[in-house]
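Chain by chain, the residues:
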Amino acid sequence: MPSERELIANAAHDPEAFRALYRAYFPRVYGYIGYRVNSRSDAEDLTAEVFLKVVKSIRGFEYRGEGSFAAWIFRIAHNVLGSHYRKDSQESFSLDEVPDMASDELPPDQNFLQAEQLAQLRMHVAALSPRRQEIITLKFFGGLRNTEIAAVLGLDERTVAAYLCRAVQDLQRLYIAAEKNP
Amino acid sequence: MNENPEKHLLDQIDQRVHQGQGSGDATIDGLAASVPRSNPAFQQRLEDELMCYFQTDGEREAIMTTMTTVRHAEWGKGPVLPLTLVAAMLALVLVASVLTFANRPSNNTGIVAAAVTQTGSPTPQSAFRILVAYQNLPRGFQFPTTVDELANYVGYVDWPLDMAPMNAIIESEESSNKLLGQYLYADVVREQPILTNMVVSDLTDIAPETTDLLRPVVIAQSDLAAGSQIERPAEQLAIVYWPSSLIPEGAYENPADLLGLYVKEDIAQWQPVFGVNVQAEAPVLMLPTNKVAVTIPVNLIAAVPYWFKVGDVVDIRADIIFVDVDPQFQELPGATVVFVTPNSQSQEVIVNPAPMGSATPANYQHIVQVIAREAEVLSIQPMEGNATVTLAVSPQEAQVLTWAVESGMPLSFSLSTDGEATPEATTNP
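Chains as they are written, first to last, in my numbering: chain A, 1 to 182; chain B, 1 to 429.
Any given hint might turn out to be false.
[Said to hold, decoys possible] Only part of the chain B face toward chain A is listed, based on derived beta-carbon distances under 10 Å: (1) Arg16; (2) Ala26; (3) Pro233; (4) Glu235; (5) Gln269; (6) Pro272; (7) Lys309; (8) Glu374.
What the hints contain is simulated information worked out from the structure, not anything from laboratory work.
Treat the numbers as computed from the prediction; the structure is a model and nothing was measured.
Backbone N, C-alpha and C define an ideal beta-carbon position, used for all residues, glycine too.
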């Protein structure tokens, strides 16, 4: 099994190398984007836009160590989302249209309850400041390490860690409060 | 337990996100479990479309059809300005092409290209390479009759698939030797793609002299944020061709000329890059929109600059002594001001800006007032035990801050809540 570095080196010319990278990163990019937009169609359009940019410009990508490729892809996704937000700055949030979430880890009789809890959690996340939303989604749905998030957002790693902690602590408080007062 | 609680929290997050293990925390596990999932059919369809980029030249037509469909969907979601710009650019190129080639004969069937590779090495099957001029060539120029000589004038270069002009000459086995001895229908500039309908077999078919020359214009391939550096021109920039008479002054022709320059102001995707948009020096301060920069002195010992740094977002509080007097018959020398904050309605108050600890009248109120909220720290300059801190604040907050500093009002900083909560703006113990 080739390493990610080898796949990246070959991806510009080798379709199978690119396919392997695509399959590894698609769920993460879609998860990151899907959590930040209000509809499945937007999530699909933006994800497609990200990978089109990736395939078009991967030839110019310079490997700069572990995590640099993830940071590069998510930097593209971050920019695509930014353009989307600028276009749809008046967009409202609708729970009915959000992309499906991974809730099949629980027995079916708990699915409904969990779906409600997850939707509520999503609303809590949406109430965070844009920067904290960004860091939460890059971390939990993009699966990025703090150094990679720092590279994507142009921040210091310690700043990312601080924002991440505060965001999760705020969510913990909101989550607990919601459980006590459903 | 001496463990730093924040480190413990970060460890819990990493355990869940990167190791896939339960963290024992409902919020963390709930977040990790709520990752949006895509429709598998969509994932497969996108994969198929992306694989089109790796097809051989012979399948290019099908690829272009597919990708054009995708790209239209992509552009349909794009910002209004870039989309308009793209439409204008395409229209300009189309008009120029029509003007250029309106009178030329349609007997070019079979004129494809000579297979003159830039390096002489075999062309990778996955590469998309088109024929460009290696130097400026005038209309009426006759290409050499041998492949070796032809290589001095034209060659194949890698080209972004979706940026390829219509009728571009694609590198392939069948394109060999077809350019030899032919004439150029119009002027061509260095690195400009040579199109199939730019080449004629008869000198009498060349274009009128009034043909408007197409010249390269460097555009942004993706949004370029103010303050960012152009480190990878091939990835960040692209070339399109405009009629020379319509190219604005200051536009760049060669992406390589922009290597290492810094973006002075946001450049939208597909927007041409002009000299006024970039600079050689790294910008010292990047101001957010609708903000102004204000510099205030800070005591390094008493205040917090020891632990906040450039890029942090802070709230600034002022300690204020308010003294209730009746202006009809009481006076407090040198203390009448109008105090307006962005977070409260205008209120005329009498203020004694005496430092804390000095003698104050009996009927005073000690107020701690947030006078600037979510100010981004732009720079910190230490100065012999003190420091000056430059902050990005609203124009109103800048006035209040300036007044507060000039009044000798004690200021304190706190790391901002970044807009999530609405803390009390004023405390009156």
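- Item | Closest C-beta approach of B/Pro233 to chain A relative to 10 Å, hint status | holds (8 Å)
- Going by Cβ atoms only, is B/Pro272 closer than 10 Å to chain A? Violated, about 18 Å.
- Report holds or violated for the interface hint on B/Ala26, using the least CB-CB distance to chain A and a cut-off of 10 Å. holds (6 Å)
- Query: Should the hint that B/Gln269 touches chain A count as held when the rule is a Cβ pair under 10 Å?
  - Reply: Holds: closest Cβ of chain A sits about 7 Å from B/Gln269, inside 10 Å.
- Query: With a cut-off of 10 Å, does the beta carbon of B/Glu374 approach a beta carbon of chain A closely enough for the hint to hold?
  - Reply: For B/Glu374, the interface hint holds, since the closest Cβ of chain A sits about 9 Å away, which is under 10 Å.
- Query: Hint check: is the beta carbon of B/Lys309 less than 10 Å from a beta carbon of chain A?
  - Reply: B/Lys309 check passes; min Cβ-Cβ to chain A is 7 Å, inside 10 Å.
- Query: Is the interface hint for B/Arg16 satisfied, with its Cβ closer than 10 Å to some Cβ of chain A?
  - Reply: holds (8 Å)
- Query: Against chain A, is B/Glu235 within 10 Å by beta-carbon distance?
  - Reply: holds (4 Å)
When held up to the earlier numbered hints, the structure conflicts with hint 6 and nothing else.
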